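Quick mapping for you: the protein sequence lines, in order, are chains A and B. Residue numbering for the first sequence follows my numbering, beginning at 598 and increasing consecutively. Residue numbering for the second sequence follows my numbering, beginning at 9 and increasing consecutively.
If you're looking for bench data, these hints aren't it; they were derived computationally from the structure. None of the values given here were measured: they were computed from a predicted structure. Just to be clear, a hint being listed does not mean it is correct.
Far from chain B, some chain A residues (derived; all Cβ distances over 12 Å) [claimed, not checked]:
#  : residue
1  : ARG612
2  : ALA615
3  : GLU617
4  : GLU620
5  : THR624
6  : ALA633
7  : VAL635
8  : ALA655
9  : ASP656
10 : PRO664
Covered stretches of chain B (chain A as the covering partner; in silico rule of three or more C-beta atoms under 8 Å from a C-beta of chain A) [what the hints assert, rightly or not]:
#  : region
11 : 79-85
12 : 174-183
Even for Gly, the Cβ is constructed at its ideal location relative to N, Cα and C.
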Amino acid sequence: MKAERDQEYYDVFARRKAEEPLEHVGTVGASEPSDAEVFAFKLYDQWKWTEQFVARRADIIEVVHTP
Amino acid sequence: MSASESELDRVVPEEWSVTDDDEGLAALVNLVVVLADSKFFLGRRFSDWLSGGPSLESAVALAAIAQEELGHARALYPLLEELPLVDTPGPLQRGAERERKYCMSCLSKPWEWWADVVAALILVDPALTMLFRALENSRYVDLRQRAARVPSEEVFHRKYADGRVRDLARTAQGRQTLQRRIDWMLPEVLMWFGPSREPGVAALKSQGLIEFDNDEMRDAFQTDVFPILEENGLCVEVGELPWERWNSLQRRLG
């Protein structure tokens, strides 16, 4: 029995201080945005972030790609 | 919370000012040990499944949740030493320090199925959180302070639980398996709030130590949890609760 739905990748971004730039800190695989939120919060807890975001990778528009 | 056990020493020293009522004090000791033991065994049961989750992300999140449940237990146990009763139950470290456990029977033994984890995430954990919410304005400052951090941490537990319910319920087989585990756990969880107008809880409420009575907590729990289960095709009808098998001191079905 498969106990999870199909997953998508989400990119995780965070910053430690308000004046610092947003960093890409990693990815999570999740089947819905609220799962991505929980997984990111629990996986990437190496700092006490002031802000953390997840973005569905499929929604990110590539502007420049240099192979 | 039970207030009628003869093992509880009824002497209330004058210097301890939270309550001067024997029944309220006995109920308060029972409340603390029930919350602590329940958190302890919930954390232990989750930790049994750290490598059994369906994905690595899911396993890591469950590990964090288990750690927080054990942390809540660890924060509560020292309160037992400050309560002015002789022979209060001692803290658990590995789970076998005392024979009598003050938690639901569904937490007593390792679970066989991932669906047990999911059922406990959506039933047991929110039930405990409801009781912590009832303590947010408690006159017992040390308990109130320890209770205060729990609901904010539980927000993520709940999001995780809702996602796991949706995962399992999306197939007929998963939904049926989860339904069986809900049918097993739900009656005991509903009874865990105690029968209507339970004397110990009434004593706690009358003294400002807890904010809600048994039925208010049970109703709020059902309002909180039943919609997500019903939205996912799960049945939450339990029929008559087996109160004749209820152990009010240990808060469990016998």
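How the hints compare with the structure:
no. : hint    : in the structure
1   : ARG612  : 20 Å, holds
2   : ALA615  : 21 Å, holds
3   : GLU617  : 24 Å, holds
4   : GLU620  : 20 Å, holds
5   : THR624  : 10 Å, violated
6   : ALA633  : 9 Å, violated
7   : VAL635  : 5 Å, violated
8   : ALA655  : 17 Å, holds
9   : ASP656  : 19 Å, holds
10  : PRO664  : 29 Å, holds
11  : 79-85   : violated (count 0)
12  : 174-183 : holds (count 7)
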